[in-house]
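Model the full assembly from the supplied sequences, consistent with the hints where possible.
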Amino acid sequence: KNLVLKGENGVIYKSKDPVDRMRQVLVLLLRGPRSDSLLPVFPEGIMLRELYLHDGCVYLDFQVPASKVSPVGCFMEFLAAASIQSSLTKNFPEVEKVKVVLNGMEAETFFGHIDIRSPFPDLKAGG
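Under the working numbering, think of the first position of the sequence shown as 865, with each following residue one higher.
Hints may contain errors.
Said to hold, decoys possible - Simulated pairs of lysine-lysine, DSS-like, Cα-Cα distance not exceeding 30 Å:
id, residue 1, residue 2
1, Lys963, Lys880
2, Lys961, Lys870
3, Lys963, Lys878
4, Lys961, Lys878
5, Lys954, Lys880
6, Lys954, Lys878
7, Lys880, Lys961
8, Lys870, Lys963
9, Lys870, Lys880
10, Lys954, Lys870
Keep in mind the hints are simulated off the structure, nothing from the lab.
Being a predicted model, the structure only gives us computed values, none of them experimental.
Structure, rendered in structure tokens:
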């Protein structure tokens, strides 16, 4: 079966602060899809700790409880990273790049595969 990212509309509170709206979008994204025809791309237990916007780069700090996270394959990890980037860059013109840290600290990889030492490159995953 061919796996691609598919967008899903969600409702967030209308806030003048784009960072507040970005947080809401990320919380919906991490919850997973509402449609039964779509698969979640994030491991269970991951949560958004903090989000900052500085000079066109969104800094995301995810809480990843090691005990809860099941192993994630390379492709699912790519889809998770691409879904974050797509959700933020397509909905917020002020976002140019996305930088991820885990549990408040720099990490080498997202879930073992994608290098997150620098902001995400332009990730494309169809759909």
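Hint check results:
{"no.": "1", "hint": "Lys963 x Lys880", "in the structure": "holds (23 Å)"}
{"no.": "2", "hint": "Lys961 x Lys870", "in the structure": "holds (20 Å)"}
{"no.": "3", "hint": "Lys963 x Lys878", "in the structure": "holds (25 Å)"}
{"no.": "4", "hint": "Lys961 x Lys878", "in the structure": "holds (23 Å)"}
{"no.": "5", "hint": "Lys954 x Lys880", "in the structure": "holds (18 Å)"}
{"no.": "6", "hint": "Lys954 x Lys878", "in the structure": "holds (17 Å)"}
{"no.": "7", "hint": "Lys880 x Lys961", "in the structure": "holds (21 Å)"}
{"no.": "8", "hint": "Lys870 x Lys963", "in the structure": "holds (22 Å)"}
{"no.": "9", "hint": "Lys870 x Lys880", "in the structure": "holds (27 Å)"}
{"no.": "10", "hint": "Lys954 x Lys870", "in the structure": "holds (13 Å)"}
Of the numbered hints given earlier, the model fails none.
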